[in-house]
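Trainee: The residues making up each chain are set out below.
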Amino acid sequence: MRETEPLPEILRRLLVDQSLAVLASTGVHTPYASLIAFSISDDLRRLYFATHRATRKAANLGMQQEVALLVDDRKNRPADFVEAAGVTIRGTAACLEGEGRSTASNGYLTKFPHLKEFLASPDCALYEVRIRQYLLVTRFQQVTEYWLEPDG
Amino acid sequence: MIQWLDGSAAVTVEKFGGKAVNLNRLYQGGWAIPPSLGLSTDLYRDYLQTTGLSFRLQLELGRKPLTELRWEELWDLAIRIRTAFLGQPFPESLSQQLFEAIPKAWLRRPLVVRSSAPQEDQQERSFAGLHESRVWVVGESAVLKAIQAVWASLWSERALMYRKELDLAPKGSRMAVIIQPVIVGRTSGILFTRSPNDPGSRTIEAVYGPNEGLVDGSVEPDRWHLDGETGEILEHRAPSNRSWMRTDGHRSEVLPAGLVGRPLNPARLKELHRLSCQLEETFDGPQDVEWTLCGNDFILLQSRPITTPEHDPERSWYLSLTPSIHQLGVLRREIEQQLLPALRREANDLLQTDIVELNDQALLEHLEFCRIRLTHWEQVYRDKLIPMAHGIRLFGQMYNDRICPRDSFEFTRILRGSSLLALKRNRLLAQVARLPTSRQSVEIERLRPRFEALGVPGEIALPLVAQGPDAFVSEAGRDEELESRFLANLGPEEETMARQMIDLGRTAWRLRDDDNLYMDRLREPFRQTVREMKQRLERNPTSLLSGVDLQIPQLSLPKSQFESPPPEPVPSPSDWGQEKRQLVGQPASPGVARGTARLIHNRNDMSRFQAGEVLVCDALDPTLTLIAPLAAAIVERRGGMLIHGAIIAREYGIPCVTGIPEATRVIRDGDRLTVDGHLGIVIRATTG
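Chains as they are written, first to last, in the numbering used here: chain B, 1 to 152; chain X, 1001 to 1688.
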């Protein structure tokens, strides 16, 4: 991403306003998709989500940290084909511990105060996705890529 | 959003609730009512939105279909919601509006904060007593807490039982509040303008001082029946012991000087008769009116229609499970001093009979006698022992109201460690497990009478102790520090009250376990007799013992509409596989554990249980609690924090999830499970 070019408002809006994203992780040779509640850092470089350590997605992330996520604003109406926007996020997920977790928890709970008990369970893991790339899709087929880091 | 109920502006049921509308009508009709400030349902709505509680409510209520909740689970749900309400800081924008409207002088005197839900106090159904009112509320922070408690009571377990009729759903739920100064006359009471059981007469109940004790059942009133037409006194019943509720909220049997005899004289009764006629005309139907007599004037505190009580034994029984502190004290004495000793005696007497010596006819008669006695005690269990569990709830509510903990059941750490019989029994077992293997069987034989008195057949004990002393988890013990912190938070009078509540709560906690063991002991002679009969039938299938009902009587609780059978699994196409991966129940004891599932259906399965496994069962009966200290975690179909399994799990600090209707159907022996007792979920490991 060239720093001089401002990010489109729709990208920020999707990441801030939407609550849920589809997370794609990789199991043993198989892809796996699941719904998660996410929050985003102010600089849009980090994404956070929580899950129980015993879930399949947590097991997948233990084996393969590379993930993709989809966030969109479709409403299941015909107009979605032109009006809905979606963003695919690619990055690396890591389970947060200690102080890092505690700082990230505060931001996450600001967006989801009702998940306080869930996050407090000792078996609940909080993940941070270091975002490498955004692929923004608008008007059905208009796709723009934004690179935050070079592809590893 | 906030307005006086003085007839100056329109007060609608939708915005201010039925109670507020009725008070407004009383005022307009010229009757004396306390000055009353109404807080509309908009304030409740704004509170939910500003605090984010509406999301929390949806999460709590969406965990499980309400139709699948047992009555204990409804209470757990209600207490979690209440803690969530009380734990929220009151948004400043809303409290500011509130204190601009409340007269400054009111904040220095005791107030009453009443619920006024739009669905209550209607002509069709009154829903009396579903929601909470707080009396003797003094000061700003107490007023805010009281409002939160009243709002939370929209989701009380009683209200949840009537959720269909109340149209209770997180979206669109509404609750208004009324704030009044407390007015205490010399005498207070309730006037039923038509007696519930005899529409031709009126009923008047009266006590000295405030009427809180009368309303909560701890103060027995003088009661009169008047002729509905003439007002003539048909009957007067004096209480067995005339007491009163002091203005500090404590019941006392010492009446203030000058208050003697009946609290109302015939002239006052005539006045109440005339009042009845006027009120029935104004409200176009019979009313149930709370009043207090100040000087020469009856001040009407609230008026609601008398509606025909529905005949629903199930709800009536559930609603009766909430005795007052005073009633619980009486009940406790009866249970400890009379009932449990009698139950123990009866079980021992029945076990004295040498059934092998009885001929077939005598054996049949013995079985029938055991059945009759068991049925009798099951009824006592239902009517006396189950209501005692409310002692746990009362302390829990007091603790949560004061501390607002994150874990709604933190208070149980103060109650546990109360020397439950099951724990004493398990300690004995662990003691034998510490002996060399060669001495264990001899020791078990020596201790057999003690084990059997505590409900452990010798053949079950041996394989358990053989697993060694390390297999037994030690008890979590009482959290003395938490108790000290809680008590340090209270003033001297509150501390005395709290200590009484803790004592009562611990007794209820202990009895919740012990009574199960005693009841199981009473079942033993029945089981022994059945075993003997089966042996005789094998030898002689055509004897007069053939065709006899050998089923042990089960505790018959009213059939619960709240506890529907678990939903049948939706059949998949025959070539599809189907697996339940994550099961949601109720968090019953905190902690997280992983282990291999072991399904225990009855006592015959117990010898298969290995230390460190997850115990999965339908209901943890008294015998099954033997293996609890060996378990990494407990998963139970029945739900609720007050069920036996949950209490035992908390005593050992073992994670426990209850209320998974399909637990024993879906989980299989050998499944790798993660049991999260904080969140109330069980995750089955799968591959791929």
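Just so you know, not all the hints are guaranteed correct.
Claimed, not checked - Quick look at which bits of chain B chain X covers, simulated, 3 or more residues with Cβ under 8 angstroms: (1) 45-56; (2) 128-136.
Stated by the list, open to error - When the alpha-carbon atoms are kept at most 27 angstroms apart in a straight line, the in silico BS3-like pairs for lysine-lysine are as follows: (3) X:Lys1064 with X:Lys1580; (4) X:Lys1424 with X:Lys1384; (5) X:Lys1145 with B:Lys116; (6) X:Lys1104 with X:Lys1145; (7) X:Lys1424 with B:Lys116; (8) X:Lys1104 with X:Lys1015; (9) X:Lys1064 with B:Lys111; (10) B:Lys111 with B:Lys75; (11) B:Lys111 with X:Lys1145; (12) X:Lys1580 with X:Lys1384.
Keep in mind that the hints were calculated from the coordinates and are not lab data. Backbone N, C-alpha and C fix where the C-beta goes; we use that ideal spot for every residue, glycine too.
Trainee: Now tell me if each hint is right for this structure.
Mentor: Structure-based check of all given hints:
1. 45-56: Check passed, 5 qualifying residues.
2. 128-136: violated (count 0)
3. X:Lys1064 with X:Lys1580: With Cα atoms ~15 angstroms apart, X:Lys1064 and X:Lys1580 stay inside 27 angstroms; holds.
4. X:Lys1424 with X:Lys1384: 24 angstroms, holds
5. X:Lys1145 with B:Lys116: 21 angstroms, holds
6. X:Lys1104 with X:Lys1145: Holds: X:Lys1104 and X:Lys1145 sit about 18 angstroms apart, inside 27 angstroms.
7. X:Lys1424 with B:Lys116: 38 angstroms, violated
8. X:Lys1104 with X:Lys1015: 25 angstroms, holds
9. X:Lys1064 with B:Lys111: 24 angstroms, holds
10. B:Lys111 with B:Lys75: Status holds; Cα separation ~21 angstroms.
11. B:Lys111 with X:Lys1145: 26 angstroms, holds
12. X:Lys1580 with X:Lys1384: Since the Cα atoms of X:Lys1580 and X:Lys1384 sit roughly 40 angstroms apart, the hinted pair is violated (cutoff 27 angstroms).
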